[in-house]
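**Q** Put together the whole structure using the sequences plus the hints.
Line by line, the protein sequences give chains A and B. With the first letter of the first sequence counted as 1, position 2 gets the number 2 in our numbering; the numbers rise by one all the way through. With the first letter of the second sequence counted as 1, position 63 gets the number 1063 in our numbering; the numbers rise by one all the way through.
What the hints contain is simulated information worked out from the structure, not anything from laboratory work. Note that CB positions come from ideal geometry on N, CA and C, so glycine has one too. You may find that some hints are simply not true.
Unchecked claim - With a straight-line cut-off of 25 Å between C-alpha atoms, the simulated SDA-like cross-links for lysine to any residue are:
1. K98/A to T1070/B
2. K67/A to F9/A
3. K36/A to A1024/B
4. K98/A to N66/A
5. K36/A to E1059/B
6. K56/A to Y1095/B
7. K98/A to H1100/B
Stated by the list, open to error - These stretches of chain A come out as covered by chain B in the derived footprint (C-beta under 8 Å, 3 or more residues):
8. 44 to 56
9. 93 to 106
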Amino acid sequence: GEDVEQSLFLSVREGDSSVINCTYTDSSSTYLYWYKQEPGAGLQLLTYIFSNMDMKQDQRLTVLLNKKDKHLSLRIADTQTGDSAIYFCAERAAAGNKLTFGGGTRVLVKP
Amino acid sequence: NAGVTQTPKFQVLKTGQSMTLQCAQDMNHEYMSWYRQDPGMGLRLIHYSVGAGITDQGEVPNGYNVSRSTTEDFPLRLLSAAPSQTSVYFCASSYSSTGHTEAFFGQGTRLTVV
Chain A
1 GEDVEQSLFL SVREGDSSVI NCTYTDSSST YLYWYKQEPG AGLQLLTYIF SNMDMKQDQR
61 LTVLLNKKDK HLSLRIADTQ TGDSAIYFCA ERAAAGNKLT FGGGTRVLVK P
Chain B
1001 NAGVTQTPKF QVLKTGQSMT LQCAQDMNHE YMSWYRQDPG MGLRLIHYSV GAGITDQGEV
1061 PNGYNVSRST TEDFPLRLLS AAPSQTSVYF CASSYSSTGH TEAFFGQGTR LTVV
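**A** Right under this line is the structure:
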């Protein structure tokens, strides 16, 4: 079955760049997503990338996809204290709407 | 817009009790799903529905039942709660599409089974 893996924790200084990494196993994934979860809240979609793209940039966010290695990353430029949250990557299989989530990376931004 | 609404936000149950977690969406989404979130394990799919009258099992369906009598509502039932079901539960909805479709999540229900 599908499997999505992320590192558990990332600490970064305010103003630096953050890079969150994710690996997945399903080679038929069509879309890959990054969600953000703030304390006590649900998940909010940050950005997504179609599987035939290598890179997508959206303001401070850059998503890189290496389909050969099944590796996805999210770079947050000029990280702010408001970026402290748990970040989940998720992949969507070719059939249906089902999402498979990684375990989440807790990002702590230090002043 | 209300989006996806879950009730209750918090619940404590005794082992063996039953309860229903409510989920409603007002976006006319065909696809609805229930996840549980446990530390370090991400979100795991419990059950999902591709439309009214159609439900299917996800990754961890045991101990849970669902029904989808209307497009708007997708309740999750625990028939006999167990401590292993202590978790945060999220309901999500989206349009059914072969293209990109955003999943919208409720605020979650924190359930403790003692």
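**Q** Taking the hints in turn, state whether each one holds.
**A** Right, here's what the structure says about each hint:
1. K98/A to T1070/B: holds, 20 Å
2. K67/A to F9/A: holds, 24 Å
3. K36/A to A1024/B: Measuring from Cα to Cα gives roughly 22 Å; hence the hint holds.
4. K98/A to N66/A: holds, 22 Å
5. K36/A to E1059/B: holds, 22 Å
6. K56/A to Y1095/B: holds, 23 Å
7. K98/A to H1100/B: holds, 12 Å
8. 44 to 56: The restraint on the region 44 to 56 of chain A holds, since 4 of its residues have a Cβ under 8 Å from chain B and three suffice.
9. 93 to 106: Answer holds; 9 residues pass the 8 Å Cβ test.
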